[in-house]
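Trainee: Spelled out, the chains give:
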Amino acid sequence: KAGVTQTPRYLIKTRGQQVTLSCSPISGHRSVSWYQQTPGQGLQFLFEYFSETQRNKGNFPGRFSGRQFSNSRSEMNVSTLELGDSALYLCASSLAPGTPYEQYFGPGTRLTVT
Amino acid sequence: AQRVTQPEKLLSVFKGAPVELKCNYSYSGSPELFWYVQYSRQRLQLLLRHISRESIKGFTADLNKGETSFHLKKPFAQEEDSAMYYCALSGGSNYKLTFGKGTLLTVNP
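The listed protein sequences derive, respectively, from chains A and B.
According to the working numbering, numbering within the first sequence proceeds without interruption in unit steps and concludes at 114.
According to the working numbering, numbering within the second sequence proceeds without interruption in unit steps and concludes at 109.
Some hints here could point you the wrong way.
[Unchecked claim] Examples of chain B residues toward chain A, derived with CB under 8 Å:
#, residue
1, Arg43
2, Tyr86
3, Tyr95
4, Thr98
5, Lys101
6, Gly102
[Claimed, not checked] Sample of chain A residues lacking proximity to chain B, with all beta carbon distances greater than 12 Å (derived):
#, residue
7, Ile12
8, Arg15
9, Gly16
10, Gln18
11, Thr20
12, Ser27
13, Pro61
14, Ser86
I should point out that these hints are in silico values taken from the structure, not numbers from a laboratory.
Beta carbons are placed, not taken as given, at the ideal position from N, Cα and C, and that holds for glycine.
Just need the whole structure built from these sequences, with the hints factored in.
Mentor: Okay, here's the thing in structure tokens:
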């Protein structure tokens, strides 16, 4: 079974621009979560989607948004990029929300904002 | 609020020595605790969870609610155990994972 895939793997953007990252979950998985990983803050939860609905959201500004499609694929968008948004963005999928269901992580998208 | 603390950023041991990676948490309810591992150039993956009470790759972790700890232990470290280890917590109906900052374990030959 193919793992979680994230595209693109690397991205360089300029301050003020916007960016869209994509995540394709493992086939059959309906829950997708997003995390931001930085050297200073570590892994921080962004949001979680299930059945095209955002179920949970972390403490990030409104510039960070996401959505999930009917095929469970998910996208996250960051508008008006800031230098501090440079990070590795990880997507994780699971069969359904809830701790009985293991989260499987993708390789991440490395975003650099200049 | 959920919080996970891993006091050691770096931990270095010799092959065959015991290893303990510390994890303390803060949560008012009944948490679910996990250990995730990331080997060099690989994805983050689940190592074990406290509800399973399993031993994975020789690692065990016991949830101590009195001390609010979930330390990861292995009696005899192997070089292939060298990796980044993250402790994580999930609580209540909020299934998001709160991660610690991680501990980089290096097992020297």
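Trainee: Now, for every hint given, state plainly whether the structure supports it.
Mentor: Against the structure, the hints:
1. The beta carbon of Arg43/B is positioned within 8 Å of a beta carbon in chain A (closest approach about 5 Å), and the interface hint is therefore held.
2. Interface hint at Tyr86/B: satisfied, since its Cβ lies 7 Å from the closest Cβ of chain A, which is below the 8 Å cut-off.
3. Taking 8 Å as the C-beta cut-off, the interface hint given for Tyr95/B holds, the closest approach to chain A being about 5 Å.
4. Against a cut-off of 8 Å between C-beta atoms, the interface hint on Thr98/B holds, since the closest Cβ of chain A lies about 7 Å away.
5. For Lys101/B, the interface hint holds, since its Cβ comes within 8 Å of a Cβ in chain A; the closest pair sits about 4 Å apart.
6. Residue-level restraint check for Gly102/B holds (minimum Cβ-Cβ distance to chain A is 6 Å; threshold 8 Å).
7. Every CB of chain B lies more than 12 Å from the CB of Ile12/A, the least distance being 21 Å, so the non-interface label holds.
8. For Arg15/A, the non-interface assignment is confirmed: its Cβ lies about 27 Å from the closest Cβ of chain B, beyond the 12 Å cut-off.
9. With a closest Cβ-Cβ approach of about 29 Å to chain B, Gly16/A is found to remain outside the 12 Å limit, as its non-interface label requires.
10. Residue-level check passed: Gln18/A sits 25 Å from the nearest beta carbon of chain B, beyond 12 Å.
11. Annotated as non-interface, Thr20/A keeps its C-beta farther than 12 Å from every C-beta of chain B; the closest such distance is 22 Å.
12. Here Ser27/A stays apart from chain B, with its beta-carbon at least about 17 Å from theirs, past the 12 Å limit.
13. For Pro61/A, the condition that its CB be more than 12 Å from all CB atoms of chain B holds, with the nearest at approximately 17 Å.
14. Distance check on Ser86/A: its Cβ is at least 18 Å (rounded) from any Cβ of chain B, clearing the 12 Å threshold; non-interface status holds.
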